[in-house]
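In order, the protein sequences belong to chains U and G.
Heads up, the first sequence stops at 269 in the numbering used here, and the numbers go up one at a time, no gaps.
Heads up, the second sequence stops at 386 in the numbering used here, and the numbers go up one at a time, no gaps.
Source of the hints: derived by calculation from the structure; they are not laboratory data.
Here the structure is a predicted model, which is why all the values come from computation and not from measurement.
Keep in mind that the hints are not guaranteed to be accurate.
Unchecked claim - Residues of chain G clear of chain U, computed beta-carbon distances all greater than 12 Å:
no., residue
1, E59
2, I62
3, S101
4, S106
5, V129
6, A131
7, A190
8, H192
9, I218
10, D282
11, Q285
12, G370
13, H372
14, F375
Unchecked claim - Residues on chain U that point at chain G, a partial pick, calculated with CB under 10 Å:
no., residue
15, C26
16, Q88
17, T222
Just so you know, even glycine gets a beta-carbon here, dropped at the ideal spot from N, CA and C.
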Amino acid sequence: MRNGFLHDSRGVGIRHHQLILPSVVCSTHVARRIANQVGALTFAHQHGCGIIGEDVAGIDDFFADLAGHPNVSSVLIVGLGCETIQAQELATKLFAVNPSTKFQIIQESGGVEATVIAGVEAARNLDLQFPKIETGSAKFKVGLDLPQEDAFSKELASSISGLGLDVIVATHSAASIDNFSDFMRVGTHVIVSRPSGNQPASGFPLIPVINISSGSGLHRATTQDFDLGHDADIPIILQTLISTIEGTLTKAEMNKMGEIRAPRRVRSV
Amino acid sequence: MAPLMAFARADNRWGLRNHVLVLPLHSALSSTAREIADAIPGAVALGHDWSGEDDNDLERVISTLSGCAANPNNHSVVFLTLETPFEKEIVFRASSMSAQSLLEVSLPQMGSIAALTVSAKEITANLVVQASLEHRVEAPWSAILLGLECGGSDALSGITANPALGIASDRLVGLGATSVLGETTEILGAEHLLAARAIDPEVGKRIVATVARYESSINYEGIDLRGAQPSRGNIEGGLSTLEEKSLGAAKKAGNAPFTGVLEFAEIPQIPGLYFMDTPGHDIEQLAGFAAGHINIVVFTSGRGTPTGSPIMPVIKVSTNTPMFESLTDLIDLDAGTIAEGLETLEETGARIFDEICEVANGKLTRAERGGHQEFALSRMYGTVLG
């Protein structure tokens with residue numbers, strides 16, 4: 001199996017993504033402009049402000065987990081300035097364990113254009129400072145996202161373990177979006193997902209997702225969005241998993257699919 | 001005063017913009033919607049994280065997405081769908097509220113994200129061409145449905161930008177337009193003053209009851225909202241108490257009587273001043289306005305924000321001049337001139353009124369020029385049970 005990329009204290013990743021992390025919904029567009037210019041990865045979300053109670057620490061920790069994911073090479077946090085989750089504090093929290101973190105704040109940078117210019121420069125500097133370094137093979141984590149645990153899933157998990165990989169299994173009753181977030185939080189490198197029959201193939205920024213069809217009507221109609229058919233046996237799944245770890249892009253990565261939803265316990269205010 | 005020029009819809013509503021909106025009905029299609037809109041000048045898109053969940057927020061999600069689709073600022077809508085029953089309900093409700101073209105591009109029918117993208121781009125581009133052939137015509141003042149918003153408030157909000165906006169709002173309401181105050185969080189402690197301006201006792205009771213309901217929806221979580229406000233950013237901006245913040249925020253609604261109270265995403269039926277039950281989260285509250293068919297927004301800010309909307313033009317007004325001068329590409333108008341002694345409240349209010357008219361007639365806002373189309377679904381419940 002190919003070696004991974006050394007990413008400091010975050011561990012070894014199977015991807016080398018620079019992450020432009022908007023710390024609040026208000027800065028998602030600015031983050032996207034920066035990411036587009038430097039070829040980095042970003043995503044839209046609706047979090048970071050108007051949160052109370054345990055969600056404040058919860059969302060802060062969620063963002064920290066995103067930035068601290070092993071598939072991330074370096075992080076530029078883009079904040080607005082007056083939001084609940086303060087970009088500077090988030091960056092300080094991360095910097096303590098991860099030197100590849102910087103931040104840019106719109107309200108302190110002279111507006112959108114000035115933030116984009118400064119952010120692009122900061123991102124490029126981070127990329128130079130933290131280049132791609134291959135390292136020895138590591139024990140990668142695989143997330144198995146399935147409708148239910150059954151004999152097949154147990155055999156698949158056992159086979160993946162047999163490759164020397166760690167396996168985490170999670171079941172879903174509907175969409176997989178929250179399972180993907182949970183996998184991210186424990187540093188899962190790659191996800192194998194069999195979505196519910198009424199859910200499409202989907203992805204997660206930062207983590208390659210291998211989608212296996214359930215054979216449902218929706219999945220049969222959208223075969224091209226799945227990496228594997230419903231009749232894929234365990235050797236084929238393992239082969240695809242190894243290939244993905246070694247760098248082959250999944251369909252979800254090619255289609256740039258995937259929204260991120262942080263878990264919330266309280267309504268917004 | 002220049003006449004108001006707008007796009008006449010077949011159902012007697014008026015659009016101040018003529019957008020082709022690409023609207024995904026599943027989170028997995030959100031990035032595709034953005035890609036399509038990015039590729040076609042004149043198209044707009046919104047993204048969200050709803051994946052078809054049938055939970056306690058289902059009705060709120062359906063009314064938000066269907067209301068946004070039927071907003072009169074849309075010339076037409078391209079829905080990206082999986083053809084689920086909930087999605088069909090969204091399209092059905094939008095069609096019952098709107099005479100605009102509502103087209104669906106179905107992932108199961110297209111067979112793949114790639115094929116859906118190609119097809120939706122072609123359909124969207126054709127609609128943009130059709131939209132470009134339409135012209136504005138003279139419209140009555142009732143064509144304006146103004147949303148009143150503030151965010152990142154500071155110590156000057158309640159004495160510069162907000163009361164100046166209130167003057168503009170009063171003038172529009174007097175001319176027959178509709179104006180809507182939102183952000184229930186931000187009138188906590190001032191609800192009795194708003195209730196006293198209700199057109200009848202029943203509306204006054206509803207204002208007070210709506211605020212109480214909102215507060216209890218937070219309190220059941222064991223959180224005292226009055227202890228969590230003003231926010232950290234507000235305190236850094238010089239606000240000291242929730243009452244100070246709320247008294248200032250309520251000034252956006254001027255002195256006109258309140259005609260009614262609207263639920264989140266509810267559409268006002270007759271002109272007048274309304275209060276809508278929305279959260280203080282700026283982007284979620286804008287989603288409520290868009291779903292309630294508001295077609296233009298004025299957003300006052302003490303700290304500054306790039307916020308825009310895919311559907312409504314958002315005019316940003318600074319409460320203080322230093323922020324206006326330091327964030328020139330975010331803010332449309334400066335109301336700090338009042339504190340600087342350069343303008344009276346009435347003069348600034350007149351300037352805001354004029355800007356509303358110009359933007360209603362097609363002038364682009366800073367947010368539109370910058371391509372800001374932030375969107376967020378508002379949820380009453382968490383996404384995690386327990």
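Those earlier numbered hints the structure runs against, lowest number first: Failing hints, ascending: 4, 9, 10, 11, 12, 13, 14 and 16.
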